[in-house]
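Engineer: These are the residues of each chain, in order.
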Amino acid sequence: MFTLADLKENEKATVLKVRAEAELKQRLASLGLRKNSTIKIKALSLTKSTIEVEIGTSMIALRFDEAKEIEVQTV
Amino acid sequence: MKNLKIALVGQPNVGKSMLINAISNSRLRVGNFSGVTVEKAEVSFDFHNHSIRIIDLPGTYSLNDYTQDEKVTKDFLENEEYDMIINVVDATSLERNLFLTTQLLGLNKKMIVALNMMDEAKKEGICIDEEQLSSILGTPCVKVSAVTKKGIGKLVNRTVDMSSFEQESSKLVFSDTVEEEIENIVNFLVEKKYKKDVSYRDLAIKLLEEEPRTYKKMHDEPIWIELLPIIREALNHLYIHYDTKDIEEIFSEEKAAFAKGAVMETVEFKKDIKKSITEKIDSVLLHKFFGIPIFLFFMWGLFQLTFEVGSIPMDWIDAFFTSLGDYAKTIFGDGELGSLVADGAIAGVGAVVLFLPNIMILFFGIALLETTGYMSRVAFLLDGFFHKFGLHGKSFIPLVTGFGCSVPAYMSARTLKNDKDRLITLFIIGFMSCGAKLPVYVLFAGAFFGAQSAGNVLFIIYIVGAMFGLIAAKVLKVLVFKGKDEPFVMEMPKYRMPSLKLLWHTVTTKSIMYLKKAGTFILAASIFIWFASNYPKYPLIEAEFETKIEMVQSADKKSELSNELTHKLLEKSYLGIIGKSTEPFFAPLGFDWRLTVALETGLAAKEIVVSTLGVLYSLGEDVTEESGGLIDAIKKNIPFPAAVSFILFIMIYLPCFAASIVFAKESGSYKYLGYLFVFTTGVAWMISFIGYNITKLIM
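So the protein sequences, as listed, match chains A and B.
Under our numbering, the letters of the first sequence match residues 1 to 75, in that order.
Under our numbering, the letters of the second sequence match residues 1 to 699, in that order.
Certain hints may be false.
[As the list claims (entries may be wrong)] Once the Cα atoms are required to be at most 20 Å apart in a straight line, the calculated DMTMM-like pairs of lysine to aspartate or glutamate come out as:
#, chain 1, residue 1, chain 2, residue 2
1, B, K74, A, E23
2, B, K288, A, D65
3, A, K68, A, E11
4, B, K484, A, E21
[Stated by the list, open to error] Here are the computed distance ranges between Cβ atoms for each label pair:
#, chain 1, residue 1, chain 2, residue 2, range
5, B, N693, A, K12, 40 to 50 Å
6, B, K388, A, E21, 38 to 48 Å
7, B, E210, A, D65, 37 to 47 Å
8, A, N36, B, V190, 27 to 37 Å
9, A, D65, B, T509, 46 to 56 Å
10, B, R53, A, K12, 27 to 37 Å
11, A, E21, B, E233, 24 to 34 Å
12, B, S581, A, E21, 50 to 60 Å
It is worth saying that the hints were derived from the structure and are not from the lab.
Even glycine gets a Cβ: it sits at the ideal position worked out from N, Cα and C.
The shape of chain B in the complex, shown without the other chains (with noise of 0.2 Å):
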């Protein structure tokens, strides 16, 4: 068996990561705007006695460290051990991708150029000429559609077959001007003899693009003092014929120009370019005054489609999981263990996996935005905008992100370049309602406003986080965050089909991890809570009400003294003790205890919220009335502006536990955790406390 280790390099949104899908049928998330692939991520299999292992690196425009996640990929590239290199270029925008190219040239390492997307491009009416263009970069081309699987295999053989070969020298030609003088310098070198383990030509070409390593290790040489003024006069030649003296702008030209050239030799475009669909496309959801509300209005539907096909399926769980409780009950007994596996794992559990439609559809709605290429067009349409607030256009894709959930939306945070901006960013994703989230405000919303406006209330509730959010971003930019501004530049991609499978298999994922913390971690917290609400016990006090309870005739009079048996115990439980010693801080938001045990609860995850409500509220629900489900017990429990300021509260304090942990990294210091906890909370709390009191007058 051979290893194999292989850097996937190309630049954003030329389906990198889908590439690596179809060649090795993994489980990789793709994306159409930049930033998917934040981290490196690796797929390893076996081919022909080669152990292989790909490492798709972020996608980046150059080989430089402008933003975080190229600089991911550029320290990769230099620095990291790995035997050959697969360059994804995108043959529908050819002469751009191959800058990228004669880049990766530059590193000496052996090479292979996968022309992706060719099914498009021969849709496009554009037909390339590979064994042309391998013969001009001296790497082999091939042509391969990951969309279709097209040349997938030839790709990976070529590969293989290539690593078994010496590496050719690189073939890249500069103009006359340059090439000059790398001969100049090249003569020198050969008439001293020097000896070096690469080329001269390579030599003389990282001399004259003064790249610092070549120069720290060649002044230690002898050769040194004679070759320095040979490289001063060429360096001023160049200088004097491109009217500048910044070396890397001659180097770009020059590497752009010699793209520029193998596209002319190598393409030709068939069909007169029509007006793409692409533009036309573009011409109405760039619109300059429909654009915005156009915007709004997917968005608008996406919440209304979350709840109204959401809640089709939500009648059938919640039934569901009500008659397996009960059916638990009659397995376990009324005791102990019946109360423990209905009431709490069951219970917990199931007000969790109610919401698993409207995390679908969620989910789904992302997905298609990310997929389609869309994305980009808002971060154009809301750049103005968000300036405005001190964010950058680019910001958005984060904030989107952290609508289905934060921990995603942390890391796509690096695609921002300055650290201000990332840090605002940072600081206002929470204001962004995560999936988990959705839950509570679902049930709020159906239990205080009813089928028909839920899903407006829904889109309400996100907006309004949303412009908390901005706002609290205008106060860290002038507060805190204070100076120069990030310049917007950015990369629309074509619109694309997103292929069914790609958003199935995205929304499966997100769907299984949803199941399996809810089997999981939430199953735990769900019976943590039955215990904490269950005991300490009381016997002495639970003899006093069943001897009351005999004592009275009428049925009535014995419901009512079991259910303030019932909320007595559950005052004294442990949990009650928490909920009722931290009742005060939360009193002037109109929360019981019972409310603000939900509200610590979800500081470790969102999704307790529910269960922990679905725990206290089964427990303390009548006993001898027909269970109605936990919407119906949370309208009968909670006055409508108590309601109202814990959803302000919820929407507003830290997202979870996990989050918490990957915006310290983020952030990259757990000060800043800090700040954000004290930040958010306190943020929290008062708007709580103005809504609370607001709706208090309305009323």
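Here chain A stands alone, though its shape is the one from the complex (with noise of 0.2 Å):
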């Protein structure tokens, strides 16, 4: 099973499950980040502590720790 957390730079994937709480999985899905979406990776920080990706037009950053709460396929 992948996350979003073991994806490399420029590689898509469809989003599976959301695993986090209600609340920060209300926040991700009204920036775009729910299940079904396609999502791409745009860069990835030195530390790989943050992760930037593409959801449709938009661009969000997230913490590699809520990445590993997403789960993904890759496409």
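Each chain sits in its own coordinate frame; assemble them with the hints.
Structural biologist: Set out below in structure tokens:
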């Protein structure tokens, strides 16, 4: 099983499940990151502590810890 | 005249504040990162017999209370009285924006959707059929661009028109599964001929969404007993179909699907999406290895610029105020009045106005950082590093704002969700030297390091301050504010060219505020300090010295004696008495009573430190020698280790009175202000002590 944290730069994936707490899940959903959305990794910071993800037309930044809670399938 | 109260709602970075500017030509600040509008801002104007009031609410991604500023928006929309909503959406990112729109539709208020940033959308080849979108959403949609001001008139016209029409019911359509359950409930209500002021459909949706207020109301109705099993069954169907019992998730998925559907039917992407400019810039600025060095270079450049360019007009301003002081003395004479005007008012205010160019450049830099969208990138780059110190990447935004002024910095800390993260950030904002501290640094850096290296010294001072802040954060996190970390989720807005008008506007507003402060508060403080340093009078000592001066022959001896007199009088003045009595506290740091007084007056505002020094040293100066300005006086009178220790103390202790009040408000308690005072003063004392002794050893 893959999570968002396993992806490399420029890899694309579909979100299968967001395992976050209700509040965070809602926040992610309102930014476009929810079940079935297609994402693409745009950048990783040097220490791999933060990840920049492209969803549709917007770009969001996540911490590695949060990324581990998002199950994905590469496309 | 008809009153019209309008709530302006939208996601962050969609150009709400800029739109309100375009509509009303008001003077609000606009930013390109989350958290510019943390308070509701209001503008009112008259239009076609309507008195219109627009309330600009903080940007929110959805209607929840995730962060404090989002809570402000939600509370307003749900509880306050208003006539209609203008929902501002970013036309270039419609799907995400419409998610909020679908939630707003549920509020059952008159609404108009402003498709903002149409100019950008056009460039990106995005075509929107606004008529079609209007009919899907059931609310009018108007294409506008806050930048080019296109469509603004139409938006205002439509808004006013709409206010006189009856409100239409929302057209939000769900998937067949949900619609079926809604229909079941509606049918039952019809059968029961249930009387209610809202439509059956809306009621059914609210019930399925498990909206607490609707439940509370319905709970007391006789129909409730029969309704309950139907709802329970409906929910069970939904749980099975969606494989989750999280009703919020189910509806958020539904609304997202609706938004997606609406975009698919109304938006056409004409161009192939090439690698956008934002991506190109990001590949450089967010580069794995170069990202942080590039950021540090920008900051270094800003401080170089602040000093190098800022120092050019400084000489003129200095010369202007010196000659103004001399001129004042020719008018008012060398007596008390002349001294009050020249040494008190003009010296004090002049010392502060002197630094206007530096302040302008610094504020320009920060405004640039905010409006281009780079700020969020830096938060991204620094989060890993910040996290190690117990801070949140988003803390970066209040911290950088703190380099300008602590007051807005304290306020922008509201974007942090977690209370502990927020408090840590609030506690260390003071370590980020604010614009008012800059004059002190420029003065000392100029006096002790000369023009070549002063810019670098300035940069080092700011970096060192920030480092102390990080260490302080770590200490606070480990000892005081323990607890779970807040997740880091942040939008990276598109890079936008800042409009020159806007930058100019921000810088001039700040400058005018600075000058206003110099003309009022600081003028009063300068006069007060002049009095405190000139009174009480000692006619006996003066007479004694005057006879002594007359006795001696050589001019050198004469000036030496008159110098001694001024020093003696200054030491015996009220200010001298205060300074002397508190001097022992600061003696281990190498401060004489004058620096001590400057620090104490600086509690009111940091600009006063400079003006106090200006008054104290212009009075104490050798009267016969050509006045060489404040910088020379400082150089002559303050030993280097004491200067280092003074800068360190200024760097860390409480910013100013106004900021302290805001801090108390934002932290939620005056108790915290007490802690902050003890904490910052204690740390400042210790670090100054260490700095003083190390410098003494090296020298």
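Engineer: Each hint needs a verdict: does it hold in this structure or not?
Structural biologist: Results of checking the hints against the structure:
{"no.": "1", "hint": "K74/B - E23/A", "in the structure": "holds (15 Å)"}
{"no.": "2", "hint": "K288/B - D65/A", "in the structure": "holds (19 Å)"}
{"no.": "3", "hint": "K68/A - E11/A", "in the structure": "holds (16 Å)"}
{"no.": "4", "hint": "K484/B - E21/A", "in the structure": "holds (13 Å)"}
{"no.": "5", "hint": "N693/B - K12/A: 40 to 50 Å", "in the structure": "violated (59 Å)"}
{"no.": "6", "hint": "K388/B - E21/A: 38 to 48 Å", "in the structure": "violated (24 Å)"}
{"no.": "7", "hint": "E210/B - D65/A: 37 to 47 Å", "in the structure": "violated (30 Å)"}
{"no.": "8", "hint": "N36/A - V190/B: 27 to 37 Å", "in the structure": "holds (35 Å)"}
{"no.": "9", "hint": "D65/A - T509/B: 46 to 56 Å", "in the structure": "violated (40 Å)"}
{"no.": "10", "hint": "R53/B - K12/A: 27 to 37 Å", "in the structure": "violated (47 Å)"}
{"no.": "11", "hint": "E21/A - E233/B: 24 to 34 Å", "in the structure": "holds (29 Å)"}
{"no.": "12", "hint": "S581/B - E21/A: 50 to 60 Å", "in the structure": "holds (56 Å)"}
Checked against the numbered hints above, the structure violates hints 5, 6, 7, 9, 10; every other hint is satisfied.
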